[in-house]
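Asks: Below are the chains, spelled out letter by letter.
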Amino acid sequence: MNRVKEAVSAWPKTILIASLVASFLFWLVSSRMDPYYLDVLTKIGINVILAVSLNLINGYTGQFSLGHAGFMAVGAYGAAAVTMFAGPKFLLHVPANFQTAATDSLFAVALVIGGSAAAAAGFLVGAPSLRLKGDYLAIVTLGFGEIIRVIFRNIDSLGGALGLNGIPPYTNIFWVLAVAVICTYVVVTIVHSTYGRGFLAVRDDEVAAEAMGLNPTRYKIVAFVVGAFFAGMAGGLYGHYTLSIDPKGFDFMRSIEIVVIVILGGMGNTAGVIAAAVLLTLLPEFLRTFDQYRMVFYSLLLIVLMLTRPRGLFAWKRRAKPALRA
Amino acid sequence: MIVFLQQLINGLSLGFVYALLALGYTMVYGILRFINFAHSDVFMVGAFCGYYFGRVVPQHSLGGGLLVMAMAMLVCAVLGIIIERLAYRPLRGGSNLAVLITAIGVSLFLENAGQLVFGADPKPFPALFPSRNFTTEAGLRISSNQLLVFIVTAVLLFGLQWIVMKTRMGTAMRAVSFNHQAASLVGINNDRVISFTFGLGSALAAAGGILYALNYPSIDPYMGILPGLKAFVAAVLGGIGNIPGAALGGILLGLIETFVNGSRFSTYTDAIAFGVLIVILLCRPAGLLGKFQVEKV
Amino acid sequence: MRIRTRSIAAGLLCASLLAGCNKSNEPSSGASGGDVIKVGEFASLTGKEADFGQSSHDGTALAIDELNASGGVLGKKLQLLTEDDQSKQGESKTIARKLISRDGVVAMLGEVASGRSLEAAPVCQESKIPQISPSSTNPKVTEIGDYIFRICFTDPQQGKVLAQFALGTLKAHRMAVLTDAATPYSVGLATYFKDAFTAAGGQIVAEQKYSSGDKDFNAQLTAIKAANPEALFVPGYYTEVCLIGRQAHDLGLTVPLFGGDGWESPQLISIGGDALDGDYFSTHFSPEEKNPAVEKFVHDFQAKFGMVPDAMAALGYDSAMLLADAMKRAGSSDGPKVRDALAATKDFPGITGKITIDAERNAKKALVIIQIKGGKFQLVQKIAPE
Chain A
3 MNRVKEAVSA WPKTILIASL VASFLFWLVS SRMDPYYLDV LTKIGINVIL
53 AVSLNLINGY TGQFSLGHAG FMAVGAYGAA AVTMFAGPKF LLHVPANFQT
103 AATDSLFAVA LVIGGSAAAA AGFLVGAPSL RLKGDYLAIV TLGFGEIIRV
153 IFRNIDSLGG ALGLNGIPPY TNIFWVLAVA VICTYVVVTI VHSTYGRGFL
203 AVRDDEVAAE AMGLNPTRYK IVAFVVGAFF AGMAGGLYGH YTLSIDPKGF
253 DFMRSIEIVV IVILGGMGNT AGVIAAAVLL TLLPEFLRTF DQYRMVFYSL
303 LLIVLMLTRP RGLFAWKRRA KPALRA
Chain B
761 MIVFLQQLIN GLSLGFVYAL LALGYTMVYG ILRFINFAHS DVFMVGAFCG
811 YYFGRVVPQH SLGGGLLVMA MAMLVCAVLG IIIERLAYRP LRGGSNLAVL
861 ITAIGVSLFL ENAGQLVFGA DPKPFPALFP SRNFTTEAGL RISSNQLLVF
911 IVTAVLLFGL QWIVMKTRMG TAMRAVSFNH QAASLVGINN DRVISFTFGL
961 GSALAAAGGI LYALNYPSID PYMGILPGLK AFVAAVLGGI GNIPGAALGG
1011 ILLGLIETFV NGSRFSTYTD AIAFGVLIVI LLCRPAGLLG KFQVEKV
Chain C
189 MRIRTRSIAA GLLCASLLAG CNKSNEPSSG ASGGDVIKVG EFASLTGKEA
239 DFGQSSHDGT ALAIDELNAS GGVLGKKLQL LTEDDQSKQG ESKTIARKLI
289 SRDGVVAMLG EVASGRSLEA APVCQESKIP QISPSSTNPK VTEIGDYIFR
339 ICFTDPQQGK VLAQFALGTL KAHRMAVLTD AATPYSVGLA TYFKDAFTAA
389 GGQIVAEQKY SSGDKDFNAQ LTAIKAANPE ALFVPGYYTE VCLIGRQAHD
439 LGLTVPLFGG DGWESPQLIS IGGDALDGDY FSTHFSPEEK NPAVEKFVHD
489 FQAKFGMVPD AMAALGYDSA MLLADAMKRA GSSDGPKVRD ALAATKDFPG
539 ITGKITIDAE RNAKKALVII QIKGGKFQLV QKIAPE
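Chains as they are written, first to last, in the working numbering: chain A, 3 to 328; chain B, 761 to 1057; chain C, 189 to 574.
Just so you know, not all the hints are guaranteed correct.
Unchecked claim - Pairs of lysine-lysine, DSSO-like flavour, derived with a Cα cap of 30 Å:
hint: 1; chain 1: C; residue 1: K570; chain 2: C; residue 2: K328
hint: 2; chain 1: C; residue 1: K534; chain 2: C; residue 2: K516
hint: 3; chain 1: C; residue 1: K484; chain 2: C; residue 2: K552
hint: 4; chain 1: C; residue 1: K542; chain 2: C; residue 2: K570
hint: 5; chain 1: C; residue 1: K564; chain 2: B; residue 2: K883
hint: 6; chain 1: C; residue 1: K492; chain 2: C; residue 2: K265
hint: 7; chain 1: C; residue 1: K534; chain 2: C; residue 2: K316
hint: 8; chain 1: A; residue 1: K45; chain 2: C; residue 2: K276
hint: 9; chain 1: C; residue 1: K403; chain 2: B; residue 2: K883
hint: 10; chain 1: C; residue 1: K382; chain 2: C; residue 2: K359
hint: 11; chain 1: C; residue 1: K492; chain 2: C; residue 2: K564
hint: 12; chain 1: A; residue 1: K91; chain 2: C; residue 2: K328
hint: 13; chain 1: B; residue 1: K883; chain 2: C; residue 2: K492
hint: 14; chain 1: C; residue 1: K236; chain 2: A; residue 2: K45
hint: 15; chain 1: C; residue 1: K542; chain 2: C; residue 2: K492
hint: 16; chain 1: C; residue 1: K542; chain 2: C; residue 2: K564
hint: 17; chain 1: C; residue 1: K276; chain 2: C; residue 2: K328
hint: 18; chain 1: C; residue 1: K478; chain 2: C; residue 2: K492
hint: 19; chain 1: C; residue 1: K276; chain 2: B; residue 2: K883
hint: 20; chain 1: C; residue 1: K564; chain 2: C; residue 2: K484
hint: 21; chain 1: C; residue 1: K276; chain 2: C; residue 2: K236
hint: 22; chain 1: A; residue 1: K45; chain 2: C; residue 2: K328
hint: 23; chain 1: C; residue 1: K561; chain 2: B; residue 2: K883
hint: 24; chain 1: C; residue 1: K564; chain 2: C; residue 2: K382
hint: 25; chain 1: C; residue 1: K264; chain 2: C; residue 2: K316
hint: 26; chain 1: C; residue 1: K570; chain 2: C; residue 2: K552
hint: 27; chain 1: C; residue 1: K478; chain 2: C; residue 2: K570
hint: 28; chain 1: A; residue 1: K45; chain 2: C; residue 2: K316
hint: 29; chain 1: C; residue 1: K316; chain 2: C; residue 2: K542
hint: 30; chain 1: C; residue 1: K328; chain 2: C; residue 2: K542
hint: 31; chain 1: C; residue 1: K236; chain 2: B; residue 2: K883
hint: 32; chain 1: C; residue 1: K265; chain 2: C; residue 2: K316
hint: 33; chain 1: C; residue 1: K264; chain 2: C; residue 2: K516
Quick caveat, the hints were computed from the structure, so don't treat them as lab data.
Whenever a hint applies, use it, and build me the whole structure from the sequences.
Replies: Next comes the structure, spelled out in structure tokens:
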């Protein structure tokens, strides 16, 4: 097992390419799969992207953000705006046999634009929030999330309160898996680099980090921007999967659901967070009959976790990486 | 002019309820330096207490109404103390983040358990107090329930100020808010003081819940979320940790919200409250009446 | 860390691949196999609009029971599979997907709220499963595709009729409108009403907005009062209308209030009290109608559920009955055939009126105007479609 571990950690880029190829192959066989299962997998993938990106902000950098759904909304509306308004004009100029390739590239571009818009929002949120700590930051990010939602509710050209309907169904399992793999790769690689140690330093003790010559402001902003970018991509994927988005679906309950995943998985534990995302997406599907008890269960879970196992359900590592320092 | 005055009355009535809620947030923050997310749900429980107790008491009676309010305040005070004991005390002294997450957990739990127990559909709140509408010559309308908000809030506010400034427990509260360790060194039982603070704050929330429900008689388990957040903004606006500040912040926020609601921008009302929060935190983080505290390393 | 991450990702992929392959070996779903016909239903049984979902479901369940008691359809019994969307956004799509691919329903009944019908419709359209919405009034619902039907009137019709009611019966030419800007139904109905009202010569003197979930409308009502309207149109849901009524009354706004079918709920009385006495709303059905079929329905419904049925229950009943009728005409429960039979429906005798499905898969139905008097709903007028 150790030799496998060594091999894998030695070639991160190869693993990345291999995972992307595997995603593509998976997509090829997906048409033979039960569409309900595909649906659930898509939801899992989107939650993984959201959770891993939030983990960068909350877990690795220690900035408690409760507004992640706002970034998701920006990405969803941004990507949809591209595919619905700019897309058709672009596709008209493309000859028939290139249509599929053109649609795919259009979607990729739309996702990136959605992600970038979200990243810009992340910058706008991160910059003023920097000097705030803990509780204040949580409330302010929650506030920003709500402000973003209310703004979208008032933009009539994007549907306003009625929501945006008729989004083209471009999301398929390949895109979801591919973006999930890329997101995980980026987050994990950044944090494990020399530069990335700074995130952990900012989390553990900001004043000490500053005294050591790091710029905590810069790290926090980077965390927000990168985290928001992927949240935006997740939003774009979500929009082109549900085909109809509505500001109500991006409220702070949504943010809290993502936060629960991150906490369950262990703040700063990417593998744990992915496992938690899978678990918490599957659980409601299996327990549909008990759905009304779901949120009660989640909330009790949060309380019990904090009291007994603050490092999360999946904290395997023996080396104590204190996400929550006593 | 009449419209302006009417909106003023509406805004003050809303603002006083926010003030009551904000007091709870500010007291807990002053002593423990953490935001009690579950406070908004104690508010909700208070309203539901009023609903259930109101059934056994004759409607439209002053005595009955006061009795219901007192009982609800008592129940919520106990609830607040229990929450503190079970969920927050074990984490005291630890990371702030853990307590914050626990507070969110408690809040979610109260909301969702409330949904299971009470049902998610809105319930009609009984008319506890005799209600009349008063009209001035100029056409201004004010309802007795709105007047009740003013009176009860003022009474509770003065009561609170008296407790904090003139009693031993109040002095102990202030001492703990300055420095925990020093307070315990001079013989103050921190645990007791903190429990008392939670109890007091929760009782105020319950009163706020009943007053709110009297004026907007449709209650549901999620009714506390938005008022709670806005009350928190009000507390920050006035200067968190500062009691008169919380009252001032509440009133101001109620007025701002009402005037925005009556304007073209009524669909942005929720966002305005958060906008105010962000502006205050950027420009004057200590709030209107607060003092800026340097973070000691 | 990286290692673990990779192995988990890989493991997940493999597991799901295996699981997925297993599933595709099973017989494909689309079951009219066996001796039951499975009909799917999604409704808001819990949550904020639980009143709507519960009513609608009760009516549908009554119809299914009656059909099965008289021998079922095409010799088979009907099995109703109901899922709760909790009045939440985002659930309906997954529910529809599950009912179709996992449970194998041949048709879908739902929903009351246009927003949630819109979520599930693309799934039904794609899977060629006919969907009948009992009471979604937003026109966009049936525009999704040719498998989506509705058996109630649409908001453009409702807006027009209400505008005529306001001018003709209420004799109000100066109108104020208070819209729920956060609900598709309300925004749509408000727009259609305003267009029809101004086209017929009326004047909108004040327009204010709120968001569903709000509790305080004093600010908006004060502004409306200052504009001196002769009536106030509130095209929202009952959850807010009851409070709006009370606050309007407290502020001394004495003009009549009226609204659309979103008002219909006993809560209007229980929370609104007598503040809404004398106000009006339009809906699809009144249990007071003097008609043997209606009286039988009201009697059976009361016997089974212990309460008088409202419009949502009646429409729920009609949607199931129409579906059964379409299957009988098509001679099969097969999606495309049932769809064609539905599209060809002419003068089906529903208890909410004669149902004829037009080219846009909507029904031209009569509107019923109800007035709230003495804590009860009273039938005032029945207005036939044009």
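Asks: It remains to establish, for every hint, whether it holds in the given structure.
Replies: Results for each hint:
With a C-alpha separation of about 26 Å, the suggested pairing of K570 (chain C) with K328 (chain C) holds against the 30 Å cut-off. Taking the CA atoms of K534 (chain C) and K516 (chain C), the gap is about 14 Å. The hint holds against a cut of 30 Å. Simply put, K484 (chain C) and K552 (chain C) have alpha-carbon atoms about 24 Å apart, close enough for the 30 Å limit, and the pair holds. Note on K542 (chain C) and K570 (chain C): the hinted pairing holds, with a Cα-Cα distance of about 13 Å set against a maximum of 30 Å.
Simply put, K564 (chain C) and K883 (chain B) have alpha-carbon atoms about 18 Å apart, close enough for the 30 Å limit, and the pair holds. Restraint check for K492 (chain C) and K265 (chain C): satisfied, since their Cα atoms lie roughly 20 Å apart, inside the 30 Å limit. For the proposed pair K534 (chain C) and K316 (chain C), the alpha carbon gap of about 22 Å is at most 30 Å, so the pair holds. Between K45 (chain A) and K276 (chain C) the alpha-carbon distance is near 17 Å, which keeps this suggested pair within the 30 Å criterion.
Only pairs whose Cα atoms come within 30 Å are accepted, and K403 (chain C) paired with K883 (chain B) is accepted, the gap being roughly 13 Å. A distance of roughly 16 Å separates the Cα atoms of K382 (chain C) and K359 (chain C); the hinted pair therefore holds under the 30 Å criterion. Taking the CA atoms of K492 (chain C) and K564 (chain C), the gap is about 22 Å. The hint holds against a cut of 30 Å. Taking the CA atoms of K91 (chain A) and K328 (chain C), the gap is about 24 Å. The hint holds against a cut of 30 Å.
Pair hint K883 (chain B) plus K492 (chain C) holds up; C-alpha atoms about 25 Å apart against a cutoff of 30 Å. As the CA atoms of K236 (chain C) and K45 (chain A) are separated by approximately 25 Å, the hinted pair is consistent with the 30 Å bound. Proximity of K542 (chain C) to K492 (chain C) is assessed by CA-CA distance (about 25 Å); at most 30 Å being required, the pair is judged to hold. Distance restraint check for K542 (chain C) and K564 (chain C): the Cα-Cα separation of roughly 26 Å lies within the 30 Å cut-off, and the hinted pair is therefore satisfied.
Between K276 (chain C) and K328 (chain C), the direct Cα distance comes to roughly 19 Å. Compliance with the 30 Å bound is thereby established for this hinted pair. This hinted pair checks out: K478 (chain C) and K492 (chain C) have alpha carbons roughly 21 Å apart, not beyond 30 Å. Distance check on the hinted pair: K276 (chain C) and K883 (chain B) sit about 19 Å apart at the alpha-carbon level, within 30 Å; holds. A distance of roughly 21 Å separates the Cα atoms of K564 (chain C) and K484 (chain C); the hinted pair therefore holds under the 30 Å criterion.
Of the supplied pair hints, the one linking K276 (chain C) and K236 (chain C) holds, its CA atoms being roughly 9 Å apart against a limit of 30 Å. With a C-alpha separation of about 26 Å, the suggested pairing of K45 (chain A) with K328 (chain C) holds against the 30 Å cut-off. Annotation: proposed proximity of K561 (chain C) to K883 (chain B) holds, straight-line Cα distance about 21 Å (limit 30 Å). Note on K564 (chain C) and K382 (chain C): the hinted pairing holds, with a Cα-Cα distance of about 29 Å set against a maximum of 30 Å.
Pair hint K264 (chain C) plus K316 (chain C) holds up; C-alpha atoms about 21 Å apart against a cutoff of 30 Å. At most 30 Å may separate the alpha-carbon atoms for a hinted pair to count; K570 (chain C) and K552 (chain C) meet this at roughly 14 Å. About 12 Å separates the Cα atoms of K478 (chain C) and K570 (chain C), which keeps this hinted pair within 30 Å; it holds. Only pairs whose Cα atoms come within 30 Å are accepted, and K45 (chain A) paired with K316 (chain C) is accepted, the gap being roughly 23 Å.
Restraint check for K316 (chain C) and K542 (chain C): satisfied, since their Cα atoms lie roughly 26 Å apart, inside the 30 Å limit. At most 30 Å may separate the alpha-carbon atoms for a hinted pair to count; K328 (chain C) and K542 (chain C) meet this at roughly 23 Å. Taking the CA atoms of K236 (chain C) and K883 (chain B), the gap is near 11 Å; set against the 30 Å cutoff, the hint holds. The hinted pair formed by K265 (chain C) and K316 (chain C) meets the criterion: a straight-line CA distance of about 22 Å does not exceed 30 Å.
Annotation: proposed proximity of K264 (chain C) to K516 (chain C) holds, straight-line Cα distance about 11 Å (limit 30 Å).
The earlier numbered hints are all upheld by this structure, with none contradicted.
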